[in-house]
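Q: Residue numbers (the numbering used here), protein chains in the order written: chain A, 0 to 200; chain B, 4 to 287.
Since the hints were made in silico from the structure, they are not lab data. Among the clues, some could well be false.
[What the hints assert, rightly or not] Far from chain B, by Cβ distances over 12 Å, these chain A residues were calculated: (1) Met0; (2) Arg4; (3) Leu34; (4) Val39; (5) Gln59; (6) Trp64; (7) Thr98; (8) Ala115; (9) Phe119; (10) Ala120; (11) Gly128; (12) Arg138; (13) Arg142; (14) Thr175; (15) Trp179; (16) Pro191.
[As the list claims (entries may be wrong)] Okay, the calculated bits of chain A under chain B, using three or more residues with CB under 8 Å as the criterion: (17) 41-49; (18) 76-90; (19) 184-190.
Here a beta-carbon is modelled for each residue, glycine too, at the ideal position from N, C-alpha and C.
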Amino acid sequence: MQVRRVGEHALLVECADLDEVRATYADLRVRADELGAVDVVPAARSVLLDGLDDPGVALQRLRDWTAAPTAAPESGPQIKIPTRYDGPDLDEVARQWGTDAAGVVRIHQQCEFVVAFCGFAPGFAYCAGLPAGLEVARRAEPRPRVPAGAVALAGGFTSVYPSASPGGWQLIGTTTLRVWREGSDSPALLAPGTRVRFVDA
Amino acid sequence: MPETTLHVLDAGVLTTVQDLGRPGHAHLGVPRSGALDRAALQLANRLVGNPEGSAGLETTVNGVRFRVDHGCRLAVTGALCPVRVDGREAPWGASVSVPASALVDVGTAYAGLRSYVGFAGGIEVEPVLGSRSTDLLSGLGPAPLAAGDLLGIGGPVGDPVPVEAVPPSARSVIRLDLGPRDDWFTPGSLATLSGSTYTVGAASNRIGLRLTGTPLERSRPGELPTEPMVLGAVQVPPNGHPVVFLADHPTTGGYPVIGVVRGADLAICAQARPGDRLTFQVPG
């Protein structure tokens, strides 16, 4: 596992794949205080430790460390997202997957997703877990406004738009579940490590 | 219950409420935000006897005008600018006692871009995730100020600290440490980066400082898997023109980061105006 320095206060731990990111993130989050990190941030192939007073000290502590492989995906909390499959891109996703709209719904509901990382907007969760080979191409023209609660697909991920924003993901449905609750102490319903299933509204 | 209410008369190009931001939530996609010139806000707070992280105002180029209903104490720091209280000149970089109903005019900066106004007691807007900062990327925190807005100011909490305020230097060299993705660039580009001069673009904002100059060439094609981003990261999009990530930067990004600007030099980035020229230096 390679660790790269990022400026004066951060380290980037590189991972082979999303499974390794998940295990690394779970482990480093528990050890954040010990390592002196203010932020522990997962992404697609890496986990960032930020806000370190002395990255050299943290680097020393990480030297002989490998993420515990025991951090199983079934250990995170599970959220069920009631979804109406009424998105404008349902047929486009069906075309990309070589099925029909009902087939898209079936596949989407059969997957158990895990939030791999957040980004793009507060509470915007990249939920991994689509079967291999079912990556979804983004829209050629992003929409200027996607409403909050839109259930969407892009690449190997599904997500729920936490607030209205521009967006290039393919929209397959909507949920009334609020995934971003401003004013709450834990405002993001879909934090990294959360297991997610989509069910009929 | 606020001690004083500030009535905004003119917010200039852009005036926002800023404290030291909301670090610790990046894993939820929440930018850190906070004052771009942190030292300037901290100084303004010390001058009026506040904890360093109290919320104040961050102006852009042409200042802010407001009236206070009760008397208060304030200090203007950051970009050097004229300060007037009821038309009378008041000192920049010092604690100023403002009488009830006074009109305060923080004027256009002589040099630099962002002035800070600290108020004894701090600005009392509702915090979001522990911070009162306006985040222009995500929309968290209070909206940018507009004429007619009312802002509460708390009661003084400590004694003003007599410190000497020094206007931002005209330094234009910003030091950066290479990595984490310097290996995505040609040796030639890495060699020219140190000592190269770039011009600050007009599209620069609280999210990033957009620079134009000698394009930085990649040594490898393809895309970088989405990666977490830090404050001061110098991200290089395919056009080769670097962007320095400032406080409202996105928490993740897909372009390689060639280096990270040192914390001490972020104030230079915060005070750089469109058209200014900045030189990168990679310390040995």
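Q: Checked against the structure, which of the hints given earlier come out wrong?
A: Violated hints (numbers, rising): 2, 4, 8, 9, 10, 15, 16 and 18; every other hint is consistent with the structure.
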